[in-house]
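Chemist: When you get a sec, could you build the whole thing from the sequences and use the hints?
Chains as they are written, first to last, in my numbering: chain C, 2 to 290; chain B, 69 to 158.
Quick caveat, the hints were computed from the structure, so don't treat them as lab data. A couple of the hints might just be wrong.
Said to hold, decoys possible - Heads up, simulated DSBU-like pairs for lysine-lysine below, C-alpha to C-alpha not over 35 Å straight-line:
(1) B:K124 to C:K181
(2) C:K184 to C:K150
(3) C:K266 to B:K93
Unchecked claim - Derived Cβ-Cβ restraints for the label pairs, each shown as a range:
(4) B:E144 to C:N83: 44 to 52 Å
(5) B:K124 to C:P116: 46 to 54 Å
(6) C:H204 to B:A152: 53 to 61 Å
(7) B:L128 to C:K184: 43 to 51 Å
(8) C:T284 to B:S154: 36 to 44 Å
Everything numeric in this text was worked out from a predicted model, so none of it was measured. The C-beta atom is built at its ideal place from N, Cα and C for all residues, glycine as well.
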Amino acid sequence: MEEQIKEWPEPFSTTGNKTSTFDNLRDQVNAWLKEGRVDIFLGYKMVQGHPLPHCFTKENPDEADELIVGKARYSLEKMAANIAAQHPEIKIGLLVRDCNQRALNVLYVWNQLNPDHVETININCCPSRLKEHGDCSYLEPQRTGSYKKEVGIDNNMDVEDAEEFSQEERFNRWIYEFEKCIKCYGCRNICPVCFCQECSLEHNDLIATGTVPPEVPIFHLVRAVHMAGRCIDCGLCEDACPVDIPLRLLYRKVNQVVSDMFDYKTGMRADQSPFNILGDEVTLEPKPI
Amino acid sequence: MGDCHYLYGNYMTIKRMTFLQEILKFMGLGGRLHLDWISSAEAQKFVQVVTDFTEKIKSLGPSPLSGELDLTVVEEKCQTIVEAESVEEG
Chain C
2 MEEQIKEWPE PFSTTGNKTS TFDNLRDQVN AWLKEGRVDI FLGYKMVQGH PLPHCFTKEN
62 PDEADELIVG KARYSLEKMA ANIAAQHPEI KIGLLVRDCN QRALNVLYVW NQLNPDHVET
122 ININCCPSRL KEHGDCSYLE PQRTGSYKKE VGIDNNMDVE DAEEFSQEER FNRWIYEFEK
182 CIKCYGCRNI CPVCFCQECS LEHNDLIATG TVPPEVPIFH LVRAVHMAGR CIDCGLCEDA
242 CPVDIPLRLL YRKVNQVVSD MFDYKTGMRA DQSPFNILGD EVTLEPKPI
Chain B
69 MGDCHYLYGN YMTIKRMTFL QEILKFMGLG GRLHLDWISS AEAQKFVQVV TDFTEKIKSL
129 GPSPLSGELD LTVVEEKCQT IVEAESVEEG
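Modeler: What follows is the structure, encoded as structure tokens:
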């Protein structure tokens, strides 16, 4: 895999006139660690054939030679936030794609990370016909089986298409999806913007813990409500979901409502979502019965 | 708006309620949640709103979430698809 990577075109600005992009990336990380621009660098490393997130440290800067970039995606920014919670002064460098960058913005807004302590290196991700490839596990949509198309929700659907079903059909389709849930908490655990120390989804008075399946649809709707103004549409939850629930679609709708109601674009703004602000600028009126 | 006993309580409430109404509608439970501003001096309005909403809820019928979930439709469709696929495969 590394051989193949070395032939890739240059995704970021380079300092030297080396031929291999990958060497430049590694040199840059190495230099950052050596000169103390960052204390640690979060990237990926091949471990026994698996690209896994790895923390490169200034104690061992030459390890940066093993840094790789591929399709693997993890919430590096979530790891950064966890590390920063333990060591507030540590300077963290990390590889970012577009989705990571949006997540970082949300974490800055919610005071989970200090932007002054974070350095990023952008890597190639978003698909374009002009590019040979994109580095993202989400680029090729999964094919949806005929059964799921018939009774459930196609994960590749747009919000508008999902709204075209009749009310009863929508309900049945969503319940079919939610009922598959095995309550693994994978969606929450991978989510880069889920940082609460106490989670409603594990609160005995709100959602019964220790029973499977979870209460449908409360479990999923509670998470959906918490994603309003936070979800940055990275799709990691859907990647992580073992039963293929179209979470990304649900959270897209949630954010669409926030965008329509409050003109708030998650991940692009430097202020917190209007759900948490007491300001009186709402012009909403109660809907008629 | 702004007349709330808890100062900004209704500003926060309307955001949440409007949002929740949209989400419930999206997943097929629309029309079952209602918000209105009624002061403690508006007994008649209270009666009117409660009566109207009760009528609406009655006309919607029982919530699909009450009782056992009915998945017979799903089962039937599943059966049709399994049959259709077995025919295709010969």
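Chemist: Quick one: which hint numbers does this structure break? Sort them smallest to largest.
Modeler: Violated: hints 6, 7, 8.
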